[in-house]
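Construct all of the structure, not just a fragment, from the sequences and the given hints.
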Amino acid sequence: MSLSDVVGQDHITRLLAASRESSRLAGAYLLTGEEATGKRYLAYQFAKALNCAEESVDSCDRCIPCRKIDHGNHPDVIEISAEDSSIKIDSIRRLRDEINLKPFEGRHKVFIIADAERLTLSAANCLLKTLEEPPEKSLLLLTAINPIAIIPTVRSRCQTLSFRPLDVETVERVLLERWSLPPDEARSRAIIS
Numbered sequence: 000m001s002l003s004d005v006v007g008q009d010h011i012t013r014l015l016a017a018s019r020e021s022s023r024l025a026g027a028y029l030l031t032g033e034e035a036t037g038k039r040y041l042a043y044q045f046a047k048a049l050n051c052a053e054e055s056v057d058s059c060d061r062c063i064p065c066r067k068i069d070h071g072n073h074p075d076v077i078e079i080s081a082e083d084s085s086i087k088i089d090s091i092r093r094l095r096d097e098i099n100l101k102p103f104e105g106r107h108k109v110f111i112i113a114d115a116e117r118l119t120l121s122a123a124n125c126l127l128k129t130l131e132e133p134p135e136k137s138l139l140l141l142t143a144i145n146p147i148a149i150i151p152t153v154r155s156r157c158q159t160l161s162f163r164p165l166d167v168e169t170v171e172r173v174l175l176e177r178w179s180l181p182p183d184e185a186r187s188r189a190i191i192s
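The sequence shown maps to residues 0 to 192 in numbering that gives the first Met the number 0.
It is worth saying that the hints were derived from the structure and are not from the lab.
In this text, all values refer to a predicted model and were calculated from it rather than measured experimentally.
No incorrect hints appear here.
Simulated restraints, written as ranges between beta carbons of each label pair:
1. Asn124 x Glu97: 13 to 21 Å
2. Ala52 x Ser21: 18 to 26 Å
3. Ser187 x Leu100: 47 to 55 Å
4. Arg163 x Ala17: 17 to 25 Å
5. Asn124 x Pro182: 50 to 58 Å
C-beta: ideal position from N, C-alpha, C; glycine also.
Here's what the structure looks like:
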């Protein structure tokens, strides 16, 4: 899958593709929206687009960097998530140390902070310095369901991209086209989702 395969978030994929094409990336993006709207998925697809060997606006899904990112073993794409119920300062200190290193294999180092509202206050404050002066060729992608739970100083240093809930017709179309479900089953699953 690639950035163009993200469903129902065209306003965000167009903005990120234009930023990538013009080489005018923000240092950090805050991807917000309801649960299961594709925030984490889009973060990984954007990481692929930034590091794809084809060097086009979107990823090819065939090259070694794309496949490594899909399999979770690309050394320049790192996810930070909650240990127990929060993201602790030690995780952010490791991020801060690693982000200052040049990319190992790719063109960009991408750090995905999943559920950023789980940052402890000390972890969020530790992240501020990196957000204020992000190193060149690095990018932070924070995802959050509840961005208000993130301290304002962190939120203000990110470009916020709001995900919209998917409508029933969009979900039904994807279930029919990509998963080849029978029409009745696709409709009922779309309504339930």
